[in-house]
Every structure is written in C-alpha cells, then in structure tokens.
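Whole structure, please, built from the sequences with the hints as guidance.
2 protein chains.
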Amino acid sequence: MDAIVVSKADRTPRLVDRPRPDPTPGSVLVRTLRVGVDGTDHEVIAGTHGGFPEDADELVLGHEAIGVVADPTDTRFSAGQLVAPTVRRPRGDPTPQFDRGQPDMAAPGTYVERGIDGADGFMADYFTSPADALVALPDSLAAHGFLTEPVSVAEKAIELALASRSAFDWRPDSALVLGNGSLGLLTLAILAARDDTETLYCLGRRSRPDPTIDIIERLGATYIDSRTTPVADIPAAHQPVDMVYEATGHAKHAFDAIDALAPAGVAALLGVPAAGWTFEVPGSDLHRSLVLENKAVVGSVNSNARHFRAAADTLAALPDWLCDAIVTGVHDTAAFADAFRDGETSIKTAVQFDTR
Amino acid sequence: MDAIVVSKADRTPRLVDRPRPDPTPGSVLVRTLRVGVDGTDHEVIAGTHGGFPEDADELVLGHEAIGVVADPTDTRFSAGQLVAPTVRRPRGDPTPQFDRGQPDMAAPGTYVERGIDGADGFMADYFTSPADALVALPDSLAAHGFLTEPVSVAEKAIELALASRSAFDWRPDSALVLGNGSLGLLTLAILAARDDTETLYCLGRRSRPDPTIDIIERLGATYIDSRTTPVADIPAAHQPVDMVYEATGHAKHAFDAIDALAPAGVAALLGVPAAGWTFEVPGSDLHRSLVLENKAVVGSVNSNARHFRAAADTLAALPDWLCDAIVTGVHDTAAFADAFRDGETSIKTAVQFDTR
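Those protein sequences? They're chains P and B, same order as listed. When we follow our numbering, the leftmost residue of the first sequence carries the number 1, and every step to the right adds one. When we follow our numbering, the leftmost residue of the second sequence carries the number 1, and every step to the right adds one.
Hint data in this document are derived by calculation from the structure and do not stem from the laboratory. Careful, some of the hints might be misleading.
The list treats identical chains as one, so a pair stands whether inside a single copy or across any two.
[As the list claims (entries may be wrong)] When the alpha-carbon atoms are kept at most 25 Å apart in a straight line, the in silico SDA-like pairs for lysine to any residue are as follows:
1. K252 with T278
2. K252 with F279
3. K8 with L29
4. K252 with A334
Structure representation (structure tokens):
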C-alpha cells in the first residue's frame, strides 16, 4: 500500500510501498480517507520535534486522520463506519493515565504519538488502531472529519480554561486568540459558536488582503496585527480580555498574555515552543498581576477520545463556509508533496488516500 | 475607645482614642476580641502596600479579626454571637462581583480593604460591619478565630488550584508549600488535614533549632532549606510535586514553581510580590513545560464569606497543638507594640482588645 514517510536519511516526505497492516483482536483496520497536515508535521519532517519508532529509520507521517472501518475484528465498530483515531499510545505498559482514558495527561516518556514520536502515523492507505483509540464520526463529516483532531485539541484547551475558573461565578465576555494558523482559526471558530464570548479578537502578522483575516472577520472577530499592536498593548488598544488562547508557540506570548487578561481571566497555552530561549520578563509585575487579579495560566497538549467526541459535535455544527475556507487544499497521493508546501494563501491542507 | 493606627506623619503603630462607631441598619456593632498581625500589616505600616482612607491622615490597622456582636441592629445576628469580618468593601457603588458575593474576585480600584487600603481596619475596641461581610464562628474558636481570615485565604487558593484540575481525573499525592511564615504553615496544616496529599514539603530558610521547622515536621511534612535546595532542584532532590503553594511573594518562586511541578500539576500563588523586579527566565522552557505537561498556575488573593465559613470549619478541626504553636504571642492593648515586633521565634501574633 501507499504510505508517506520521512526517513533519517531523507528529510523530505516520500511516497513508499508498505505492507498493509493486519488487525489483531481488539483493534480495527481502517481504510484511510484523508490525513491533515499541521505545524507539528513540519517540525517532525525537519527533525525538530518527535522521533522515529524504535529500530526504524523511517516514520509514516500524519496524526490528523479520518477513515472508514475496513475490518472491525471483534470490536464494537462495524465495517463502513467513519472513524477518527486519537494520537497517543502507551510506550510499554499503559500507565494509569491510559487506564483512566486520559493519555493526553500522561507524563512525557510514557507514550508514543502516532505520526509524531516513536510510532507510525496515519498517512497510508490503511492503518490499524485499538478500538478505544478510535472515535465514530457522523457521515456528514466524511470531507472535513480530519479536522476532528485539531478541533479536539482546542476543545481540551477551552475545557481546561473554563475549569480553572469554575470555583467562582465567572462570566467571560471576551476572548483573544493568538495565532491565525489553522489551530488558531479553529479555536476562534469554536469560541464564536459559544454563547459566552461576545467579543472576539485574533492576532496575526499578515497584511490585507489575506484569507485568514477574511475568516477572522467573517467569524465576527477583530483582527489585530501584532506588528502594530503587540500582545501587551491589546488592553489599551482594545480591552483586557477574559480569555487568551495562545496558538503560536511564541514563548514571549505566554508571558505577555498575562498582561492582556482582565481580572479573573485565564490564558490557555496550546502552541508548543522550541526549547532553549531565555529572556527577561517583568517577573514581579507578572507574579503580582496573577495574584492581585486572580489570573490563571493553563497549559494544554493533545486530547483524548472524550475531546474527540466533543470535537465531532462541534465540527458538525460549524458553518460549511468555515471548513471550506480553512481547508485550502486536499491533494491525492500522486500530488502529496503539494500538501506539505506552505503558501501565502494556504491555511490547512490534507492528503487524500481514498474517497468514501 | 482604643484604636491602633498608623499615620502619614508617623509610620509606627500608635494607640489613639477614637469615638465608638454607631451601627446603621443592616450593619452590626462588634466588640473586638483579638486582631492578628501579618506581613501585609507590616507593609501597610511601612507604606509599601495599601493606603489611607480618603481625606484621612490615619488608618486603623488590622484585617484579621474576631469579635462578639454587641448590637446586631436589624440583621440576622444576635448579641453575643462570635463573628469574623471579611476584608473588602465596595469603593463607591458595589460592582457585580460584590453583588455575586465574591468581592475577592473584584478588579483593583473597585474595592477598599479594611485595615489595608482606603478603609479603617479592626484594631479598635469596637468596629461596625455590614451583616453580609460577617461570618458566624462557633464558640470553640473564641481564642484562635482571628486565624479565620488567613485560613480563608489558603482555602481559596486550594479551591482555585483544585478547580483548575477538575476537568480530568486528577489524583494529587504531593504538595509543596513555599514559605514557613504563618500563611505558609496554615496552608501546610490544611493540606495535612486533607486526604489527597500524602507527601508534604515546606520550604523556608531557617536553621534548626527553629519552631517553624518543628511545626512542619510535627505535621508530617519534610522541611526543605532553600539555601541548600532551591525550588528548581526540588524534583531532583525530593520529587516533582502535584501542587505548589507559593506563600512568600518572592517573584522568582512563581516561575521556579513550574519546574517543581509533576505533569498535570498546579502552582497556586498566594504571596504578593513587590512591583518592579525584572529578571531573566528560561522562557521557552517554562512555556514548553506548561504546555507539554499540562501544568497550571493560578493566582489567588483575598477571600469571601464562603471561604470564611469553610475556614471556620477547617480551623475548628485543626489539632489544638497547631494553633498553640503558630500563635506565639497575644498582647493586650497596653503592650500592643510587642505584636508588631518580628522576633526569631515569633510566628503569628495578635492584639487582644477584650476577652469573651
């Protein structure tokens, strides 16, 4: 079967022939429809994030997949069902976090991540997955269901942010998303669909005309250009915000976000920064602001099957124009390299292995 | 009546004569028993925190009070009842946070704090308070009930910390308190009384023999000397911890605490740092650790009537030896200055205005 890999010797994605995997009892053989590409994939390809499976020189790419059950073996799934796989699997014996259904909360070193770190991903004609790492999707999501994974990541961050404020009567009204990549735009879209955030902002560093700015404004949000209005200036230029969602991985944002918050606000950090950057911060002022204004910061990574189910509901309820606008390219395996090209107008791309 | 004030002209506490206040309907006249002294009082006296009431050159000190209802007017209280007052009152018209019973979540500028900022405190033979800012205490707390305020501050921080982890199945086992002052020790005592924290640490910078180290060890916790084991070294020297409670206001602790956390852990910040200290941090590593390990940081200040009620229950259940060990001096008004002296062996002091 076709599979798209990166190898230790060749740091560009290549199409290779791999044997079709055989499902064992308890696992499911899935015929892949589409697999999305995101910033993490580019880091995996560049070798700055993740790693190869043990004893392997190649890694099958892809962690944002949708497919159709080809062989359910003895599981609760039926052939033909639409499914999306979660990303983490135990590295060795499952830890209690896996037993509790929350591998997303597991400690580094206790898991592999399919298509990212230590385990082959889903960019192949077929893949297998344990049934408990698969979530059924409604038929309406056949086209855009590969967005379930990134939407689930945003769902989890929003859940953690709201939970952090659940000890008191909190009535957020405004939110700011840092980043207008696909994860930032999906987070913004989820917030726009919620009742509790009337006023939305999204920060980027692009000039008009730009398709992401069009999406931001069509969602009813205000675009903020970080080149003219840095994060720390947002309260003065616009307003202090109840929630910040950091979706760029730019490390200074994690600290500036504290200043952008209204009293009792929360900053959720989704973007993963590179290691090793040391810089000055107004340390005691940030600490003071956290304490005296009851602010919170929550980090959030990955997502579990529960978040995938919530994401499927969310995705099914998002307006059609939105996914059409965010998904700027779906490329079949013959043209797979186009899915890994970052263009001025590209937002989210996917490789298509098959159609329903 | 007797009152203990600090004045713009004289930055040492003085005993003065003040007229006894008259309660208006809806408010209660309280005969003061004891008022505690904490670090905030010392900052108020030094002029580094808080401020005088509008148009006044003197501030009555004290925000940790217990007293007896002298005149309940038309309120739900009865004469003779033991009560503790909360600290914040509206500055001008009450904001929605006051209407919701959570002045502790109010924005700076919308409140005054009795004995701290813009309103006279409780260090007087009598004070008045709106009934909704008073909490009834059981008779058993007549001696140590002035600790209700600091215990309520710790209760709130613990509540916010736990809430921040409530979106998933979290099973904390270890906690680290930074600071062995009275707030740190009370926080440690509350954690020791809970079922969910088997392993406790408390960090200070004192040498044995020391009464705070004795308390820490009698509570079953391990004392960590920050001069030999800085916060960031605690995971290697002891273990990564599920919770950190920062009760010193030392700004670097707020950042080092992130490194001390186990995956999915939370750092609660209670101590209030001075403003204006800028320093270098391993910014992207901290950001990365927050995200990849799902860590949280929550700031917490003040407390509301609900936290006072929880604190009264907590305080009533603490072992007798503990409050006896923490309260190192109760001084009557004739010797009030002793309550403001910080000695090697003093932990928590109070001024006694009257006895039950």
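Checking against the hints above, which ones are violated?
3, 4
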